[in-house]
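Heads up: the sequence shown at position 58 corresponds to 58 in the working numbering, and the numbers run straight through without jumps.
Simulated from the structure, these hints should not be mistaken for lab results.
All figures in this text were calculated on a predicted structure; none of them were measured in a lab.
Treat the hints with caution; some may be incorrect.
Claimed, not checked - Derived DEER-like restraints, expressed as beta-carbon distance ranges: (1) 133 with 9: 37 to 43 angstroms; (2) 28 with 148: 28 to 34 angstroms; (3) 172 with 2: 31 to 37 angstroms; (4) 132 with 112: 37 to 43 angstroms; (5) 31 with 104: 19 to 25 angstroms; (6) 112 with 138: 22 to 28 angstroms; (7) 117 with 83: 37 to 43 angstroms; (8) 28 with 66: 23 to 29 angstroms; (9) 104 with 150: 27 to 33 angstroms; (10) 18 with 51: 27 to 33 angstroms.
Each residue gets a CB set at the ideal place from its N, CA and C atoms; glycine is no exception.
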Amino acid sequence: MGREYDREDGAKLRIARCLIDSGYVPDIVHDYCRRSRHASVLMPSRGFGVGASQRPMSEYTVKPGERHGQHWIIGKLATRAVMSVRFDSHYWKSHVHAMLRQAPGDPGALTWYGTSPEDHRQLAEHLTAEYPVPKKVGGRTVNEWRVRPGMSDNHWLDCVVGCAVAASIHGGASQRQERKSYAQMYEAWRS
């Protein structure tokens with residue numbers, strides 16, 4: 001956690017925020033985040049899907065001690081001694097998949113090292129273990145994500161989503177340009 005990572009341009013980077021999913025064993029995760037020597041970097045997190053029939057997080061009332069951001073809220077739960085983050089998993093899964101559709105080098109693109117498909121096959125399986133189902137209620141449309149039958153291994157999708165949320169919390173740039181479709185990316189690649 002305390003090591004430095006070299007960027008391609010030579011800049012040194014450190015992990016500034018690490019979210020730990022508290023959904024499975026919340027007591028252990030909250031206790032670890034509080035007691036760890038990396039407590040200033042660690043934060044328990046919990047994603048939940050805000051569906052089309054629900055009020056979006058952007059309309060939630062800010063309570064004392066809370067910090068609201070791009071479909072995430074940092075606050076202290078009444079039963080916990082440490083701050084934690086809650087986020088809209090439907091929004092963030094859609095956001096991560098939009099980042100993956102950006103052409104390498106474009107603003108907001110999420111890319112992996114190397115060019116060998118075999119190096120990233122398992123990661124790709126996890127990232128595609130869920131699919132979006134567009135739901136419209138009133139004037140609000142939301143991609144609600146569902147697990148594909150027979151593909152329950154989505155852990156790395158959850159990890160990448162957590163990294164995107166952590167980057168947003170820490171001031172990472174959000175997706176602002178129009179997203180390219182798969183067909184547009186293919187045409188750009190062919191030319």
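Verification of the supplied hints:
For the pair residue 133 and residue 9, the beta carbons lie near 40 angstroms from each other, so the given range of 37 to 43 angstroms is met. Roughly 29 angstroms separates the CB atoms of residue 28 and residue 148, a value that falls within the hinted 28 to 34 angstroms. One distance hint, 31 to 37 angstroms for the beta-carbon pair residue 172 and residue 2, is violated here, with the actual separation near 21 angstroms. For residue 132 and residue 112, the Cβ-Cβ distance of about 21 angstroms falls outside the hinted range of 37 to 43 angstroms, so the restraint is violated.
Taken as a hint, the range 19 to 25 angstroms is violated for the pair residue 31 and residue 104, whose Cβ atoms sit roughly 41 angstroms apart. Separation of residue 112 from residue 138 is about 38 angstroms and departs from the stated range, judged on CB atoms against 22 to 28 angstroms. Range check, residue 117 to residue 83: about 40 angstroms between beta-carbon atoms, so the 37 to 43 angstroms window is met. The hint said 23 to 29 angstroms for the Cβ distance between residue 28 and residue 66, and at roughly 24 angstroms that hint holds.
In this structure the supplied range 27 to 33 angstroms holds for residue 104 paired with residue 150, their Cβ-Cβ distance being about 31 angstroms. Judged by the Cβ atoms, the range 27 to 33 angstroms given for residue 18 and residue 51 holds: they are separated by roughly 28 angstroms.
Checked against the numbered hints given earlier, the structure breaks hints 3, 4, 5 and 6 and satisfies all the rest.
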